[in-house]
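Enquirer: As a plain string of letters, each chain reads:
Number of protein chains: 2
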Amino acid sequence: MVEKRRPIKVREAVNRLMTFSSSGSVENISIEESYGRFLGEDLVADHDIPLFDRSPYDGFAFRSNDTEGTTRNEPCELEVIGEIGAGSVFTSRVGKNQAVRIMTGAQIPDGCDAVVMLEEAKEIDRSGKNMIQVRRPFKSGDNISFKGEDTKQGTVLASKGTYINPGVIALLATFGYKTVPASKKPTIGVIATGSELLEIDEPLQPGKIRNSNAYMICAQIERAGGIPLYLGQFSDDFDTCFQQVEDGMKKVDMLITTGGVSVGDYDYLPDIYQKLGANVLFNKVAMRPGSVTTIAEKDNKLLFGLSGNPSACFVGFELFTRPIIRTYLRCEHPFLNKVSAVLGNDFPKPNPFDRFVRGQLTIEEGRLIATPAGLDKSNVVSSLAGNSLIVLPGGTKGYQKGSNVKVILLEDQAGTSFENFTI
Amino acid sequence: MVEKRRPIKVREAVNRLMTFSSSGSVENISIEESYGRFLGEDLVADHDIPLFDRSPYDGFAFRSNDTEGTTRNEPCELEVIGEIGAGSVFTSRVGKNQAVRIMTGAQIPDGCDAVVMLEEAKEIDRSGKNMIQVRRPFKSGDNISFKGEDTKQGTVLASKGTYINPGVIALLATFGYKTVPASKKPTIGVIATGSELLEIDEPLQPGKIRNSNAYMICAQIERAGGIPLYLGQFSDDFDTCFQQVEDGMKKVDMLITTGGVSVGDYDYLPDIYQKLGANVLFNKVAMRPGSVTTIAEKDNKLLFGLSGNPSACFVGFELFTRPIIRTYLRCEHPFLNKVSAVLGNDFPKPNPFDRFVRGQLTIEEGRLIATPAGLDKSNVVSSLAGNSLIVLPGGTKGYQKGSNVKVILLEDQAGTSFENFTI
Numbered sequence: 019m020v021e022k023r024r025p026i027k028v029r030e031a032v033n034r035l036m037t038f039s040s041s042g043s044v045e046n047i048s049i050e051e052s053y054g055r056f057l058g059e060d061l062v063a064d065h066d067i068p069l070f071d072r073s074p075y076d077g078f079a080f081r082s083n084d085t086e087g088t089t090r091n092e093p094c095e096l097e098v099i100g101e102i103g104a105g106s107v108f109t110s111r112v113g114k115n116q117a118v119r120i121m122t123g124a125q126i127p128d129g130c131d132a133v134v135m136l137e138e139a140k141e142i143d144r145s146g147k148n149m150i151q152v153r154r155p156f157k158s159g160d161n162i163s164f165k166g167e168d169t170k171q172g173t174v175l176a177s178k179g180t181y182i183n184p185g186v187i188a189l190l191a192t193f194g195y196k197t198v199p200a201s202k203k204p205t206i207g208v209i210a211t212g213s214e215l216l217e218i219d220e221p222l223q224p225g226k227i228r229n230s231n232a233y234m235i236c237a238q239i240e241r242a243g244g245i246p247l248y249l250g251q252f253s254d255d256f257d258t259c260f261q262q263v264e265d266g267m268k269k270v271d272m273l274i275t276t277g278g279v280s281v282g283d284y285d286y287l288p289d290i291y292q293k294l295g296a297n298v299l300f301n302k303v304a305m306r307p308g309s310v311t312t313i314a315e316k317d318n319k320l321l322f323g324l325s326g327n328p329s330a331c332f333v334g335f336e337l338f339t340r341p342i343i344r345t346y347l348r349c350e351h352p353f354l355n356k357v358s359a360v361l362g363n364d365f366p367k368p369n370p371f372d373r374f375v376r377g378q379l380t381i382e383e384g385r386l387i388a389t390p391a392g393l394d395k396s397n398v399v400s401s402l403a404g405n406s407l408i409v410l411p412g413g414t415k416g417y418q419k420g421s422n423v424k425v426i427l428l429e430d431q432a433g434t435s436f437e438n439f440t441i
Numbered sequence: 019m020v021e022k023r024r025p026i027k028v029r030e031a032v033n034r035l036m037t038f039s040s041s042g043s044v045e046n047i048s049i050e051e052s053y054g055r056f057l058g059e060d061l062v063a064d065h066d067i068p069l070f071d072r073s074p075y076d077g078f079a080f081r082s083n084d085t086e087g088t089t090r091n092e093p094c095e096l097e098v099i100g101e102i103g104a105g106s107v108f109t110s111r112v113g114k115n116q117a118v119r120i121m122t123g124a125q126i127p128d129g130c131d132a133v134v135m136l137e138e139a140k141e142i143d144r145s146g147k148n149m150i151q152v153r154r155p156f157k158s159g160d161n162i163s164f165k166g167e168d169t170k171q172g173t174v175l176a177s178k179g180t181y182i183n184p185g186v187i188a189l190l191a192t193f194g195y196k197t198v199p200a201s202k203k204p205t206i207g208v209i210a211t212g213s214e215l216l217e218i219d220e221p222l223q224p225g226k227i228r229n230s231n232a233y234m235i236c237a238q239i240e241r242a243g244g245i246p247l248y249l250g251q252f253s254d255d256f257d258t259c260f261q262q263v264e265d266g267m268k269k270v271d272m273l274i275t276t277g278g279v280s281v282g283d284y285d286y287l288p289d290i291y292q293k294l295g296a297n298v299l300f301n302k303v304a305m306r307p308g309s310v311t312t313i314a315e316k317d318n319k320l321l322f323g324l325s326g327n328p329s330a331c332f333v334g335f336e337l338f339t340r341p342i343i344r345t346y347l348r349c350e351h352p353f354l355n356k357v358s359a360v361l362g363n364d365f366p367k368p369n370p371f372d373r374f375v376r377g378q379l380t381i382e383e384g385r386l387i388a389t390p391a392g393l394d395k396s397n398v399v400s401s402l403a404g405n406s407l408i409v410l411p412g413g414t415k416g417y418q419k420g421s422n423v424k425v426i427l428l429e430d431q432a433g434t435s436f437e438n439f440t441i
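Those protein sequences? They're chains A and B, same order as listed. Numbered by my numbering, the letters in the first sequence go through residues 19 to 441 in order. Numbered by my numbering, the letters in the second sequence go through residues 19 to 441 in order.
Read the hints as simulated data drawn from the structure, not as lab findings. Among these hints, one or two may not hold up.
No copy labels: a pair is met if it fits in one copy or bridges any two.
With a straight-line cut-off of 20 Å between C-alpha atoms, the simulated SDA-like cross-links for lysine to any residue are [unchecked claim]: (1) Lys-293 - Asp-257; (2) Lys-196 - Ile-218; (3) Lys-165 - Arg-153; (4) Lys-157 - Gly-87; (5) Lys-419 - Pro-370; (6) Lys-356 - Ser-421; (7) Lys-203 - Gly-54; (8) Lys-356 - Asp-430; (9) Lys-316 - Arg-34; (10) Lys-178 - Pro-199; (11) Lys-356 - Asn-115; (12) Lys-356 - Arg-385; (13) Lys-165 - Gln-251.
Can you build the whole structure from these sequences, using the hints too?
Expert: Printed below as a string of structure tokens:
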């Protein structure tokens, strides 16, 4: 008998799933290892930036009053009484008609309130005294970077869950984070099912295909921020499969299986969930591809039963597994971001269900163009390498080139909230 | 005396630089390690996909002729003479009014030319014979994925230099790449200069700042695809500095210094280039920030003398060092991609030179909005974490909100060619 399953909408499926999401812990890592990780806590400024009034240029610091009424033809002359390298501090007070040579980044000496750039000042000698000519009036504060003008102490500069890019690393270094509180990565087990699967290095055989899903999913886990643990392929025997799942669950924070969730005679997963006593959140989603995606929960660990065909497997991961991983990584926006774009080709296929089509988003003269990668048959592997999923709501006979569509960005790190997720 | 330098345009600077670009070698790595690397050679299909005519669904395979004239009220009945699991092959020939139960992905048996989905076929028993009812006519080829319809053997599926994302990994696995020919990563040395620099864990002192550039640049190197090797800070002594550069050059494929390239009294780099006998390609670029960016070449190794202030250092790396790294990684599009967008805020600063402003590119209802991160003073650290550089051509008194601008995408992996690069 064919089991009857009631399909639910993607949004409802994600909603059920997110009830079981949880944040992981925080671990301290060195700043050198932190690129590509996620902040476990807010990044806070431990001091003002700049910490002191400083010069943004190489030049001369002086009192702006001394340049009042100065013109190109009637320059004022200031005596250079010393110099300050970056990192040094000038200890005397600078007086009337005096100046100090100052390097980029150095602290403005007491008494000074302006800086003239090196290129703008003419150095001259007056009876052995080192002087500069200034040819225009300066206002107080000219060419000075003031204490705290960039960042005030205590400011939250990046919130927990932020992806650590090179700019965030500059902030971490500036504010003294030699060790970085990073979100611990979840370990995610992967089991491939399907007696038709050959390992990558096995010779091709009639009726069989190479196991690409496991490697693809492991890379998707890495992209999402987790640690993949490939646990191998299912055996053909039910009891052994059950043991593989039960043992695998002990080693990981969540478990992904690929294949075995259909209603076919060799699809063991439904029976495994039952024998485990797992709570099946849903086993049919009103979407293409990936309608048989099944997600279950056992002792607060999630089991993702993704479809066995590459495209459905890919989509199921990005829609369902990724937000769970990003929540574990303490991200406030765990969902993939979505933008509006224009369809770059016809998509003539009747569309009874919400469809997620792999495609390439390009930007042409400020317009976003989303081009579907072929007809998106579930078994089409070669269109997987695109940067986006085009969302085509169900209930139509297809879509014309030029239609407005929503597009999910696969490589975006900023993410979004549930409100803006899917359709 | 202040040295006179002749500024050149960014495009001319990059043009001179690219003369010294070169491709690195190829190394074989395991597919498990390949995520985030770059293809060293074209990825070629070693067989047709599908390799054989196969069923995209669970169902029954049969001869379409047998369903001619069939209607809902007058279904035809076919005898189920066997079943094929995925990965198995049906060895007999299927004859008139016969059918075979077939699993998703299994090979279509000899004689069959159509598949009816499980849900569409009604199984019945006729005197102990297992039969199905089919309620509509099928055409030859219905519900069959044909040999080679996705990909023909010999097709180049991704060209050398392609960033290896999860979709590319699926292709590598499908086509038997257990080991992947990957572009070797260049090793890039980093030396920080500046007596004002404190290490991250040193207490703050008057006049000093923490060394953020070195860590930022190391992360930028990782993002671009290289291996950073932090060689420490310059000493205060010229001869020791020279020795540091000379020794560093032997360990790396290219060398980055931050700071020390201005015309200040503590800027040792120009003299170091001279003593090295290096060929200085340029030492002044008509851009802000980073006008003092200096690039030299010695024995076909490039020395990038980036400015010491964080923003100029950041921009200098992305404009000049990144395309050299990506060329080393065998990318055909080594330059950062650029798109048109609308300015999200006024930028009221007079703009005598081409300016690169760090900012955040967002997409709102299909429109690209580029928002500058503050006034982009060279010392502003907290605006570094954005995803783009806004290009503001020189020769204006500023830009108004709503102006059309070009924006360089920092996180884009696809890249572009020199023709589409900058301004």
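Enquirer: Look at each hint and say if it fits the structure.
Expert: Structure-based check of each hint:
| no. | hint | verdict |
| --- | --- | --- |
| 1 | Lys-293 - Asp-257 | within (10 Å within a copy, 74 Å between copies) |
| 2 | Lys-196 - Ile-218 | between (42 Å within a copy, 6 Å between copies) |
| 3 | Lys-165 - Arg-153 | neither (28 Å within a copy, 81 Å between copies) |
| 4 | Lys-157 - Gly-87 | within (11 Å within a copy, 94 Å between copies) |
| 5 | Lys-419 - Pro-370 | within (19 Å within a copy, 43 Å between copies) |
| 6 | Lys-356 - Ser-421 | within (16 Å within a copy, 25 Å between copies) |
| 7 | Lys-203 - Gly-54 | both (11 Å within a copy, 17 Å between copies) |
| 8 | Lys-356 - Asp-430 | both (9 Å within a copy, 16 Å between copies) |
| 9 | Lys-316 - Arg-34 | within (14 Å within a copy, 61 Å between copies) |
| 10 | Lys-178 - Pro-199 | within (9 Å within a copy, 37 Å between copies) |
| 11 | Lys-356 - Asn-115 | neither (61 Å within a copy, 50 Å between copies) |
| 12 | Lys-356 - Arg-385 | both (15 Å within a copy, 13 Å between copies) |
| 13 | Lys-165 - Gln-251 | neither (61 Å within a copy, 26 Å between copies) |
In this structure, the hints that do not hold are numbers 3, 11, 13, in rising order.
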